[in-house]
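Trainee: Quick mapping for you: the protein sequence lines, in order, are chains A and B.
As numbered in my numbering, residues 9 to 295 make up the first sequence, in order.
As numbered in my numbering, residues 9 to 295 make up the second sequence, in order.
Treat the hints with care, since some could be wrong.
For chains that are exact copies, the list does not tell them apart, and a pair is met inside one copy or across any two.
To be verified - No farther apart than 30 Å at their CA atoms in a straight line, the calculated lysine-lysine pairs in the DSSO-like style are these:
1) 107 / 278
2) 278 / 246
3) 107 / 240
4) 17 / 246
5) 240 / 278
6) 107 / 17
7) 278 / 48
8) 246 / 107
9) 48 / 107
10) 48 / 240
These aren't lab readings, by the way, just hints derived from the structure by calculation.
Keep in mind the model is a prediction, meaning the values are calculated, not measured.
Given next are the chains, with one letter for each unit.
Protein chains: 2
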Amino acid sequence: MQARLGAVKAQVQGALDRAIVALPPGELRDAMGYACAGGKRIRAFLVMESARLHGVSDHAALPVAAAVEALHAYSLVHDDLPAMDNDDLRRGLPTLHVKWSEATAILAGDALNALAFGLLADPAVGDAAARLRLVAALARASGGAGMVWGQMLDIAAESAAVPLTLDQIKELQDGKTGALIRFAASSGPLIADADLAPLTAYADALGLAFQIADDILDVTGNEDVTGKRVGKDASAGKATFVSLLGLDGARAEATRLIDAADAALEPYGKDAENLRQLARFVIERDT
Amino acid sequence: MQARLGAVKAQVQGALDRAIVALPPGELRDAMGYACAGGKRIRAFLVMESARLHGVSDHAALPVAAAVEALHAYSLVHDDLPAMDNDDLRRGLPTLHVKWSEATAILAGDALNALAFGLLADPAVGDAAARLRLVAALARASGGAGMVWGQMLDIAAESAAVPLTLDQIKELQDGKTGALIRFAASSGPLIADADLAPLTAYADALGLAFQIADDILDVTGNEDVTGKRVGKDASAGKATFVSLLGLDGARAEATRLIDAADAALEPYGKDAENLRQLARFVIERDT
C-alpha cells in the first residue's frame with residue numbers, strides 16, 4: 009500500500025501542477041500551487057483504488073484524484089482563514105493568508121473550487137454521463153448539504169454555550185470530512201455506474217475513524233511531526249471524540265470502525281487489500 | 009424585453025429558491041437565500057435568450073440561468089468581504105458578512121459556488137454531453153483564468169503605486185465581469201453545440217459596456233437608487249473608465265460598444281431583438 013500511495017502522490021502532484029501551470033502567471037497561480045503542494049493524498053488514493061476495483065484505469069481516474077485534492081486544498085485554505093479557524097501553520101508551513109493575504113487566500117480557494125469541477129470534465133475520465141455523475145456527486149458532497157454544511161456546524165459549535173453531544177459531533181464530521189471522503193471512495197462505482205453501497209459503507213467508517221484519529225493527534229501529537237498546531241481543541245474547550253469518549257474510548261471506537269471498514273470491503277475480496285491497509289494507516293499515522 | 013426580463017426574474021428566483029430550500033435548514037441556507045434574492049438578473053436573461061435563439065426551451069435553460077446567478081451571487085458575497093472590497097451595502101441591504109458574520113459569508117459563497125455546478129448537472133438541461141460542455145465552460149469562466157483572475161487583478165490594482173492603464177483595466181474587467189457574461193451569453197450554443205462566435209462577440213462588447221456604465225454610475229449615481237455605495241472608486245484614487253476617458257468619453261465608448269454588440273447579433277436577425285434592447289438597457293440603467 010505504501011508503494012502505491014507513493015506512486016499516487018507523484019501522479020496527482022503532477023496532474024495538479026499541470027492544471028495550475030496552465031493558468032495565467034502571477035500571485036493567484038502561485039498561491040494555488042502552494043495550497044496544492046504536499047498533503048497525505050488519502051483522498052486521491054481512495055479515488056485511484058476505488059477506480060481500480062471497478063476496472064477504471066489510473067489514466068482515467070487521475071483527473072478525479074486531482075479534482076478531489078484541489079477541492080480539499082480549497083477547503084483547508086478557507087478553513088484556516090482568520091474568520092474561520094484562524095490557523096497560521098499547515099503541513100509545517102505558514103498558511104496561505106499568512107504567506108500572502110486574506111484576499112489572496114479567499115480567491116485562491118475560490119479558484120481551486122472551480123478547478124476541481126473543471127478537472128472532472130476531462131475527457132480522459134470517461135464518457136460524458138460518467139463525468140456528469142461525478143460533477144453532480146461532488147457538488148452535493150462539497151456544498152451546503154455536505155462539506156460546507158459540516159464546516160458551518162463546526163463554526164457554530166465554537167460559539168455554542170453547551171458542548172456538542174456525540175451524535176452532533178458525528179453529524180458535523182459526516183459533513184465536514186465524511187462527505188468528501190465518501191465522494192472519493194465512490195468515484196470508481198460512479199465512473200463505472202456500479203453499486204455504490206460497499207464503498208460508501210467503507211468510507212463512512214473510514215471517515216469517522218480518520219476524524220477520531222485527528223482528535224487523538226490533537227491531544228497526543230507533536231507539532232514538529234504533525235506540521236500543524238496541536239492542543240487547539242482542548243484549549244478552546246471544544247467537545248471532541250476524545251473529550252467525550254476519553255483517550256482509550258476514542259482509540260477503541262477507531263479500532264471498531266476500522267473493523268467495520270474491513271467488513272464493508274468483503275465483496276471485493278483480496279483486491280481491496282490496499283484499502284484495508286489504508287484504514288489501518290489512518291488510525292496509526294502520526295501526522 | 010422588459011416583460012421577458014420580468015418573467016425571467018420570477019422563473020430564476022423560483023429555481024434558486026427550490027434549490028436552496030432542498031438544503032438542510034439553518035443559518036447557511038438562510039444566508040444563501042439572502043445572497044440570491046433580487047438583482048437585475050441580466051446574466052439569467054442572457055442565458056434564457058441565448059437558449060431561445062438556439063431552440064432550447066425555457067424549461068431546459070432555467071437551471072443554467074439559476075446556476076449563473078448562484079455563481080454571480082457567490083462572487084458578490086466574497087467580493088464584499090472586509091479583506092476584499094469591504095462593502096457594507098448591496099442591493100440596498102446590509103452585505104452578508106454584516107448581517108451574519110465573515111465566516112458565514114465565506115461559507116455561503118463556497119456553497120453557492122458548488123450549487124452552481126450542481127444546477128448544471130440537472131437532467132432537464134439536455135443530454136450529458138451538453139451539460140458537460142456547460143460545466144467545463146463555467147469552470148473556466150469562473151476560475152483562475154476568468155472571474156477570480158480578474159478579481160485578483162482588481163485587488164492588486166488597489167495597492168499598486170501607479171494607476172492602471174486602459175488596456176490593463178480592460179483585461180481586468182474581461183475577467184472580473186466579462187467571463188461570466190460571456191458564459192451566460194454562450195450557454196445556448198453550448199447546449200445546442202452551435203457556433204459560439206456571434207454571441208461571444210456580443211458578450212465581449214456588452215460586458216465592457218456594462219462595466220463602463222458601472223463606472224459612470226459610481227460618479228453620477230444616487231445611493232438610494234443604486235442600492236450600493238457610490239463614489240468609492242474616485243475616493244480610493246482608482247483608475248476607472250471615467251477617470252481615464254472622462255465622463256463624455258466613457259459615454260461615447262459605451263455607445264460605440266452597444267453598436268458593436270448590435271452588429272454581432274446580425275446572424276440572428278429580428279429574433280435577437282431582446283438582446284439588442286438589453287444592450288441599450290445596460291448603459292441606460294440607473295442601478
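Trainee: Against this structure, judge whether each hint is valid.
Mentor: Evaluation of the provided hints:
1. 107 / 278: Classified as neither; 45 Å inside a copy, 54 Å across copies.
2. 278 / 246: neither (40 Å within a copy, 64 Å between copies)
3. 107 / 240: Both, since 21 Å and 29 Å are each at most 30 Å.
4. 17 / 246: neither (33 Å within a copy, 44 Å between copies)
5. 240 / 278: Neither, since 40 Å and 65 Å both go past 30 Å.
6. 107 / 17: Classified as within; 24 Å inside a copy, 42 Å across copies.
7. 278 / 48: within (24 Å within a copy, 58 Å between copies)
8. 246 / 107: both (28 Å within a copy, 26 Å between copies)
9. 48 / 107: Within. Shortest intra-copy distance 21 Å satisfies the 30 Å Cα cut-off; inter-copy 38 Å does not.
10. 48 / 240: within (21 Å within a copy, 45 Å between copies)
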